[in-house]
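Trainee: Next come the chains, spelled out residue by residue.
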Amino acid sequence: MNISNMDILKIFIPFVVMLIIIGFYYVLMTKNLIRILLGLEIITKAAILAIIVVGYVTNNMALAQSLVIIIIIIEVFVIAVAAGVIIHIYKNTGSVDVRNIRNLRG
Amino acid sequence: MSIILILLIILIVTALMVVFSSKLLIGAISLALTSIMITILMFKLNSPIAAVFELSICAGLITVIFITTISFVKPETQEELIESNKRRLKKYIYLPVLVALAGYLISVVIKPISLKLPEIIQETNIRNVLWDLRQVDLLGQAIVLLIGVFGIVVLFKEGQKK
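Line order of the protein sequences matches chains A and B.
Residue numbers for the first sequence follow the working numbering, beginning at 4 and rising by one.
Residue numbers for the second sequence follow the working numbering, beginning at 574 and rising by one.
No wet-lab data here; the hints were simulated from the structure.
A portion of the hints provided could be inaccurate.
What the hints assert, rightly or not - With a straight-line Cα cutoff of 30 Å, these simulated BS3-like cross-link-like pairs (lysine-lysine) come out:
hint: 1; chain 1: B; residue 1: Lys663; chain 2: B; residue 2: Lys647
hint: 2; chain 1: A; residue 1: Lys34; chain 2: B; residue 2: Lys647
hint: 3; chain 1: A; residue 1: Lys94; chain 2: B; residue 2: Lys647
hint: 4; chain 1: A; residue 1: Lys13; chain 2: B; residue 2: Lys684
Owing to the predicted nature of the structure, the values given are computational and were not obtained by experimental measurement.
The shape of chain B in the complex, shown without the other chains:
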């Protein structure tokens, strides 16, 4: 249990690192670290398949997408960086306090609740759940994938014309 608590604290620290990072690249890498922490927590909570997805896609592919996007954008000059750092510190100085306060309040307020689900969903095999019980989700996912592909193709096609 103590390991889970340490992992959760590291998770919050890495999320705060994303917020407080002066450079976008450091922010993107901190986000990958957050994903890695969630992956370890998933392994601890007996969900290895979702953990593998989280590690390979969220910590890998999404970081690559972010770094590619950052590489397209002109980096800030040293003076702009110092100025934006000052502004960022002013904006986010209360965030850690707010986060700690909210965490404490919720841990005090939270009460035992019953979370029993209907028996019909109690399937142990992920394959059966994904392909039999959640077929509509898969259909929606396929449509989203198609729209995404079309969106990316159209965006980059117009970019080439210009």
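Chain A extracted, bound-state conformation:
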């Protein structure tokens, strides 16, 4: 690994961790279901960025790109299904607040 690649890793990794912290904090603190999805998206973007950077540093761009493509496609379906569930919850409870989902409460 040459020095420039190490520099790239040093620059990118703190930002990736910052993105993960933002996403986790948002998911943990918010009560709105749509906002939770937005937080999950931020975490996924951090993961994608990390994979691309490590692929670049290790000179394995083809593998990194194929992994990222697979992640993106699965991410879309996760978001689509989650959005469908949220719309259903809204139709049943009249709100998108997680505190109002009490159907399974013992």
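On the provided structure of chain A, position chain B as indicated by the hints.
Mentor: Coordinates of chain B only, in the frame set by chain A:
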């Protein structure tokens, strides 16, 4: 290198905009901006195919899904918006400080590590990697797509009955 640093800072700012946005719509658009920043970074890091996917799907399709979902949900009234804004500021006021501190600490702590992968994965053509080396991933992806389609169909079918 300075351009990459500026792009990364804009990336963090747009991610913080998602958190601090009072309206969901602004949050969804900020998320699209985050995707665009990641796309530019991907182009800078020699991965154009993944960048095109990121731009068209994450900045395009996912934003559309979010906006559709938001349009189904009743918007907050002005009073609720002011109240939730106050609560949000209280909750997230320490987040930028926490993020900056974590970034600084990691940039100080991080040390050189060897990331050499086995030679067998050193394939330069993305087509060969996707269709030959990662066949199991594609199978899993197809199964997830099928489950997703079934899930969406079932969800919207029951919605129509009611």
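Trainee: Hint by hint, say whether it matches the structure.
Mentor: Verification of the hints:
Of the pairs offered as hints, the one joining Lys663 (chain B) and Lys647 (chain B) holds, with about 24 Å between alpha carbons and a cut-off of 30 Å not exceeded. The straight-line distance between the Cα atoms of Lys34 (chain A) and Lys647 (chain B) is roughly 16 Å, inside the 30 Å bound, and the hint therefore holds. Restraint check: the Cα-Cα separation between Lys94 (chain A) and Lys647 (chain B) comes to about 11 Å, which is no more than 30 Å; the hinted pair holds. Taking the CA atoms of Lys13 (chain A) and Lys684 (chain B), the gap is near 8 Å; set against the 30 Å cutoff, the hint holds.
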